[in-house]
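Student: Single-letter residue listing:
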Amino acid sequence: MDNFNSQTIRIIPRLDIKSENLVKGIRFEGIRVLGKPEWFAELYYEEGADEIIFNDVVASLYGRNSLKDIVKKTAEEIFIPMTVCGGIRSIADISSLLKYGADKVAINTAAIHNPKFLGDAVKEFGSQCIVLYVEAKKRDNDKYEALCCGGREQTGVDVFEWVKKCESLGVGEILLTSVDQDGTGLGFDIKLIEKIVSLVDIPVIASSGAGKKEDILNLMHKTKPDAVSVSSILHYGILSRIVADKALSGEFGENVNIDFIANKDRLDFITKGFTCLSLIELKEYLSNGEIKVRSVIDAKDCYSRL
Amino acid sequence: MQKIVIVDYELGNINNIFRAFRHFKVDVKVSHKKEEIAFADKLILPGVGAFSKAMADLRKKDLIDPIKEYAKSGKHLMGICLGLQLLFAKSHEFGLHDGLALVEGEVVKLGKEKGFKVPFMGWSELLKGEQTWEGTILEGFAEKTFAYFVHSFYVVPKRIENILSYTQYGHYKFCSSIRSGNLHGIQFHPELSGKAGLKIIENFINL
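If you read the sequences in order, they're chains G and X. Each residue of the first sequence is one higher than the last, beginning at 1 in the numbering used here. Each residue of the second sequence is one higher than the last, beginning at 1001 in the numbering used here.
Hints were generated in silico from the structure; no laboratory data involved. Since the model is a prediction, treat every value here as computed from it, not as a measurement. Among the hints, a few may not be true.
Facing chain X, a subset of chain G residues (Cβ under 7 angstroms, in silico) [unchecked claim]: (1) Q7; (2) R10; (3) D50; (4) P81; (5) G119; (6) K123; (7) G126; (8) V157.
Glycine included, every Cβ here is placed at the ideal spot set by N, Cα and C.
In isolation and in its complexed conformation, chain X is listed as follows (with noise of 0.2 angstroms):
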């Protein structure tokens, strides 16, 4: 049975990321151990709240080069939320920061948009985006599929085609989720988005 890590390294809530994935039975470890992610068959970064902290949170841990070194062992990994926007090179929230760099772009702030607020917090659609979904984590999905969204930042990929879905927000449209070869995110919460986050956690599984 492949072993599913998610990395812990103590910022935010995941009872309930690693709930949905023991929904479908697998083996599924939350850890903090350079040994247990090393070997994980998938590996799962979330993260919730600063980008900076969990930076500095997953640099105390000793957690970047081992989090870096699986991310070249060319196995899958899915960031969720915070954890997508860290697999990018830089963020602009408080201050300029390093990312991991796994994926070359940068995190910016949501701008105001009339009717929205920020953080933006609630269901969106999941559009269309640069790949097709096939063989991807939203295989099988329609289009305008709804996901549960808390977040203030979003991500924006360098290379366009590593955009997977948009979501709309306000006059414009910012990516809700990536694929980058073995790396996979998304900005919404899949624990939290009903039949469809589910659907995201099985299709991962089943990658």
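In isolation and in its complexed conformation, chain G is listed as follows (with noise of 0.2 angstroms):
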């Protein structure tokens, strides 16, 4: 392909987290528990991420974060960017993170009550570190709406407005979901994706809706997001392999929950609709289809370990 014509997309793992556990909801309710967040992370690790974004799903809900420790082990594992995103309300807030070992973090629930709070994190910390986390929920008339606190509170803030002024008050990205499409697999929302990438001049890293390999492929053929976070298919996928060869469960421990994958048809019955496959599959899959993603030479041996 012309190498010429555009950046390395990046792929990145997003692991939703409640407690100290790796979650994975449908439009942002209905979760279920799959295991330990730092496992998976460092398994994606292995398998060629190109970032990993830690996700408290219910911090600003009860006005907490927890990833504290899931970050401060990981850290000392991957050497990938690591951003977290989920209830980060202060400069102490980010400043703690980026010491436990985060590189960025993303920033939702604070921004919208206080705008001025985006501002003073780049100034403090600077553009690339300070991530603006969209979540966007389509209303009338191709208008959508930005929420906060995990999909839960309406705020009014028309997206496409939020997002103009957040990258004039310095934000370095936008992760951008989409409550109507998060977690369900039916596709992205490629129009909500379109309206970003076109409205900014900021990286856009594209989420909310992939069910199979082709999801991928056809949104960056329709549009050109700089990055595009991944969950349902790489963690069911994960568990998949792992039910498919039952002999080795045994050896995951408390890394998965055993009794959400113990039952095969209960596990195949959640994961309908989702054309699960690991990391590796996806950027071959990718690649072949002419994307442009960063291959991982020694990625193979890790993948032999499941």
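Two independent chains are provided; combine them into the complex using the hints.
Tutor: Here is the structure:
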């Protein structure tokens, strides 16, 4: 392909966290425990993840952030950019997360309540460190509302005006989720992503809705986000591979939710609509589809662990 | 055991650079003390942010001469990201500013290229430069190994033989790492570049 045409697309596993567990919900609800986030994060690192996002899904709701220990443990093992999202309310919160090993923080609720906070954070830590996290909810007439508190609260804020405003405040990147598509496996909201990509000059991480690898290729052929964040198909991909080889499942101990995966019919029911795969397979597929991704030469060894 | 010192001038997040060195169980320390810099066996000059502010902060902490002295000692020094740029004589970032002038050349802004954003953030490949990678921080690397970048400016060494690697950016290539005697510099972030990044740190430790 034409090497001169584009930057390498980053593929970023997003790990939603509740308490100490990796979870996944549908449209930000119906959360299920999948296992230990550190374990999944390390596996994704081995498989060639370009970055990792940890998102505390209930942090804003409960006024806390329980990611510090997870970030601290993970930072000792993985050496790719780590973005932490959820419940970040102060300069002190950011400082401590960076100290624990985060490279960037993504902010939504606190920014909606006080946009000046974004500007202050950018001044203190630099644009490259501050990501705007958007939870877009579709409204009438092609409009979108920016929700907050893990998709639970309405704000009346128009998403398109909001991202422009935050770009002018200096944020370095946008993590764009769609409350309507997230966890559904029904494909991305391409119109939403396209519009945001065209509105801002900063990198956009597209997220929410990938149910199969074709969804991602389709997205990349229609618009040009700088990165794609993926969760369900990768998480379920790991669980499916463990279920497929039951002999292995004992070895994973508390790292994966055995109850969740013990019953294959149940897993099949939950993952229906998803064509799960590994990060390595996803990158190979995109690369064959003329999308420039970072190849990881030695990643295959770790894949054989599963 | 060799002592590795990461220069601390309170600019940017150096926690993960420290962690990446500690991963190799070496004696590594973050310090702004002149004597610790002078007695270091290896020195790391990190940096994220604006060139002029970095120079001002180094000056405020009275670190410019200690770093220059160290560089003259012949012991290995590695600049990372802005730390690489600071090794150069001049930068065109928001006006013209003097750097440490340990390497001849200047720092210029990435031009606009279709399909590329500035700041350039993400993974890109390391391509062969003007000197062999053998015996350098890139020893053992396959060409086109990916590294993680976050930057808007890049270095243009006056002596092209200082260029250790190039990286493609749109239609042109910029210098993504240098080596000039005991001075090493990389535009990308080894602490964020996965196993390739760790390999660079290991190589630097083993120089």
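Student: Confirm or reject each hint.
Tutor: We went through each hint and held it up to the structure:
{"no.": "1", "hint": "Q7", "result": "holds, 6 angstroms"}
{"no.": "2", "hint": "R10", "result": "holds, 5 angstroms"}
{"no.": "3", "hint": "D50", "result": "holds, 6 angstroms"}
{"no.": "4", "hint": "P81", "result": "holds, 5 angstroms"}
{"no.": "5", "hint": "G119", "result": "violated, 16 angstroms"}
{"no.": "6", "hint": "K123", "result": "violated, 11 angstroms"}
{"no.": "7", "hint": "G126", "result": "holds, 5 angstroms"}
{"no.": "8", "hint": "V157", "result": "violated, 25 angstroms"}
Taken one by one, the earlier hints fail for this structure at numbers 5, 6, 8, listed in ascending order.
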